[in-house]
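A.B. asks: Let's have the full structure, built from the sequences with the hints guiding it.
Chain by chain, the residues:
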Amino acid sequence: MSAFLLFVLLGLGAGSVYALLGLGLVLKYRSTGVIDFAHGAIAMYSAYVFVNLRSTGVLELPWIVLPHAIPLTGGQPMDLAPALIITLVYGTVLGLLLFLGVYRPLLRAAPLTKVCASVGVMLYLEATAVLNFGTTSLATSPILPSDPIRLAGIAFPSDRVYLAGIVIVVAVVLLVVYRFTKFGLATRASAENETGAALIGISPTAIAGRNWVIASLLAAGSGILITPISSLDPTSYTLFVVPALGAALIGRFQSFGWTAGAGLALGIVQSELIKLQTVFTWLPQQGLSDGAPFVIILITMTLSARRLGARGDSGTWKNPKLGRPSRPLLTSIITFAVGVVILVALQGSLRAAFMSSIITMCICLSLVLLSGFVGQVSLAQMSFVGVGAFILSHLSGDLGIPFPFSLILGALLVVPLGILIGLPALRVRGVSLAVVTLAAAAAMDALVFSNVGFSGGLGGRSVPPPSIFGINLGISDGKVYPTITFGVMLLVIVVFIGYCVARLRTSATGRMMIAVRSNERAAAYVGIRVAPLKLFAFALSAFIAGIGGGLLAYQQGTVSSSSFAVFSSLTVLAITYVAGIGRIAGAVIAGLMFASDGLFVSFLDKVLHVGQYQMIVAGIALAITAIANPNGVASELAGEKGLALRFVRLRDRIFPQKPPVAGTLRAVNLAAAARHPVTPAVVPPVKEKEVAHG
Amino acid sequence: MTRLLDVNDLRVSYGAVVAVNDVSLTIDEGEIVGLIGPNGAGKSSFIDALTGAIRNRGGNVQFEGRTLDRLAPHAVARRGLLRTFQSVELFDDLTILENLQVAAEQPTFLSMLRDLVVPSKPKGVDDIAWASSLCDLDDVLDRFPQELSHGQRKLAGVARALAKRPRLVLMDEPAAGLDTDESIAFGERLRSLPGHGVSVLLVDHDMELVLGVCDRIFVLDFGSVIGVGTPDEIRNDERVIEAYLGGHDVEA
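Heads up: the sequence lines are chains A and B, in that order. Using our numbering, read the first sequence as starting at 51 and increasing by one per residue. Using our numbering, read the second sequence as starting at 18 and increasing by one per residue.
Since the hints were made in silico from the structure, they are not lab data. Quick reminder that beta carbons are idealized off the backbone N, C-alpha and C, glycines included. Keep in mind that a hint or two might mislead.
Unchecked claim - The following residues of chain B were derived to be distant from chain A, with all beta-carbon distances above 12 Å:
# : residue
1 : 20
2 : 56
3 : 87
4 : 121
5 : 243
Said to hold, decoys possible - Quick list of the computed label-pair ranges, beta carbon to beta carbon:
# : chain 1 : residue 1 : chain 2 : residue 2 : range
6 : B       : 229       : A       : 470       : 30 to 36 Å
7 : A       : 607       : B       : 135       : 35 to 41 Å
8 : A       : 227       : B       : 136       : 58 to 64 Å
C.D. replies: Set out below in structure tokens:
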């Protein structure tokens, strides 16, 4: 029994970190409506600053190339107290700068725009840390006293107790401040009704800024406190934000008490599961402790969801603009032709980059359908892609199923997973849904992708190249790499999927989806079955993502689970959203311009040798594009027209024809004239011109 | 005349507050029935309860001889009982034509899959044309809701319900926000609905409209029916005047 108690106490360490970060997330959300995915990254960067001060007395600023290392002590280690104070101030200033530069311009933007900007900040900080501090993990000397405490026959480090104490104190202070002080009241007032608060003399921006700074201070503080418990490296620290988001979600991004409690509980459950694995050996030995808490979050959030969500879920939610594909077939043919020309024109690494772009387009199309048309945010999309890739590897490798069938069957097998992850969407909406699907992705990561039998462990699994009627469609053919045939196959498949999505947009199904996105309640009252429709969209989206996974597997030859890590889904959503998630063109732009291994970025790398700075550039570009184009790049480029319409315009200018009339509208008017001789009052006034001619 | 809707002892309570207190109401085929009452009388709760938004209500509701109890909103709509909203609630990302199409079409699972590849023939074209011409929307079919005047948006909301070819439409304050001329024109359109096989339950504050077009009127106050009758009977009912009309000057 005492062993179980020991693991409970050990779990307080990680639990405290989740709780502290979760409290900061709640603060940020309550005051600005931002779910800050960069919160963990700020903790990470502050932790590095602290560690460097303590070891060499060098203050590291968060940028590269420009001078960024300021020696403060002449190479001597700095004492605890000044290092602590400098780091806390550092975190505060960093938070303030980010607020002024990134989040303040977005205060009234759509929640997803804010998410994209924060993803940009996260990518930037993580990449900068990798360059400035390296990826080897650091261990540091403890800050809190950690002499063993003996209790009920077990000995455990006392810092866990201090940490939990700090969490409780912080939570209580926040609770008291926000319930009883004027500042707290003003924060709550401006969260409830920004206009109303402004009318009674509260500046919502100033309030939001202050809260943001307090939250950043908390992030820096938690970053410092974690260093002795968990060894410091850029990625795993940034990832702490996922369980913290889970804790904040259980607190509904509102309650400090629930968030702190949930954070601690998550840590304890994880720790206890490690113990249980040693007792019950039949339990899955991989990823259980990492994955199980997310499964718990997933289930509890789905079951306990209220009809009305938190801030940003209903009233303030702004939908991204939608495209209106006017000539899907023509556009597809043009796109295909242009694609083939590019394939032939490019060679070597740029041709391979173009192929990556095409595959990314396929993955982004799955999001255009799900998040663009139906308004359901999914942060588990790369999990679908990954499962699709591994299933294809099993089907074509072990079972020997031939090419087109293995790809299609593989994608079909992803569909049940899509429906399963879509189930929460029946009750959870908006940004909460984003966090729930992120939890699902984290669970998949820990439980499915870490399974050696399924994913082949670190080495990954190989995928035999596709071939049909004895023709090799693979990416390499003897000495040629990458082959044009493979590129053409990609184009055929992805352009066809794009055509289908465009078709869907203008069909009865598409109208129902957009109706649900616009107004679920009204949609139900005209007879739309909202729940099956959402699941249909999740299923279709998972299928498309599964195809994308298959294509990715063919391209890489060997798939490994690191390609489908939790944050890759976040990046895919962010680039699709920024490019224009309501349009097919958005997926194309995302693939060509924003994909990190896509054509544009690789071209930049070749010309400007961006190389190691690629992720930093990507992060900044993402944040700036989100601020500058809230509707997505594609919308800004296309306006209300599409590519084909422009082509038609051009053709009409060269070869004048009869003006095109929208088919359905004409059909309606004809039917109206034929079957219902309308009352004179409703007949449109006869134009003078026609009278003159008649 | 055949009975279309038969509501027996409908009861809705939120906690200790009884919003709809054992209300019984009938509508025959071809009738336009009014439901009036001061703010907070329970009119909206009544509509919500009828159309499936409030599932745990008391009493029972028969529609065309079949029960509507425990049906979800979409199922109620598919039976032919549609509603409109006080706050319009059009689909903002769709044109007016598409708004009507959403109501008129009813894709099956198979047709949804087919939609991915083959362009399907537009469905419900007659219904859409009928609803659109009846509500005088033919000229604005390719506009978006936010480009229309408030009056036109209200009409579009009604047209969307009509495009589903309902047997009965519950209209929640369709004339609120319309000016006098628009309201009169709307009343004329309403009067023509029974001729097309559509009955109406009209909930509105516009007394001239309600007294002008309805065959029978139910008066609700504090969740209970306090008066039923023809417009003339309602005009002269003491209790109704006291609770709602506030004097005899309405006739003027």
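A.B. asks: Beyond 12 Å on every Cβ pair: is that true for residue 56 of chain B relative to chain A?
C.D. replies: Fine: 22 Å to the nearest Cβ keeps residue 56 of chain B off the interface.
A.B. asks: Holds or violated: 30 to 36 Å for the Cβ distance of residue 229 of chain B and residue 470 of chain A?
C.D. replies: violated, 55 Å
A.B. asks: Confirm or reject the statement that residue 20 of chain B sits farther than 12 Å, beta carbon to beta carbon, from all of chain A.
C.D. replies: holds, 23 Å
A.B. asks: Quick one: work out the minimum CB distance from residue 121 of chain B to chain A and report holds if it exceeds 12 Å, violated otherwise.
C.D. replies: Given a closest Cβ separation of 9 Å, the condition is violated.
A.B. asks: For residue 87 of chain B, which was marked as not at the interface, is the minimum beta-carbon distance to chain A over 12 Å?
C.D. replies: Holds, because the least Cβ-Cβ distance between residue 87 of chain B and chain A comes to about 15 Å, which exceeds 12 Å.
A.B. asks: If we take the beta carbon of residue 243 of chain B, is the closest beta carbon in chain A still more than 12 Å away?
C.D. replies: Label holds. Min Cβ-Cβ 29 Å, cutoff 12 Å.
A.B. asks: Is 58 to 64 Å respected by the C-beta to C-beta distance linking residue 227 of chain A and residue 136 of chain B?
C.D. replies: holds, 60 Å
A.B. asks: Please test the hint of 35 to 41 Å on the beta carbon pair from residue 607 of chain A and residue 135 of chain B.
C.D. replies: For residue 607 of chain A and residue 135 of chain B the Cβ distance comes to about 36 Å; the hint holds.
The structure shown violates the earlier hints numbered 4 and 6.
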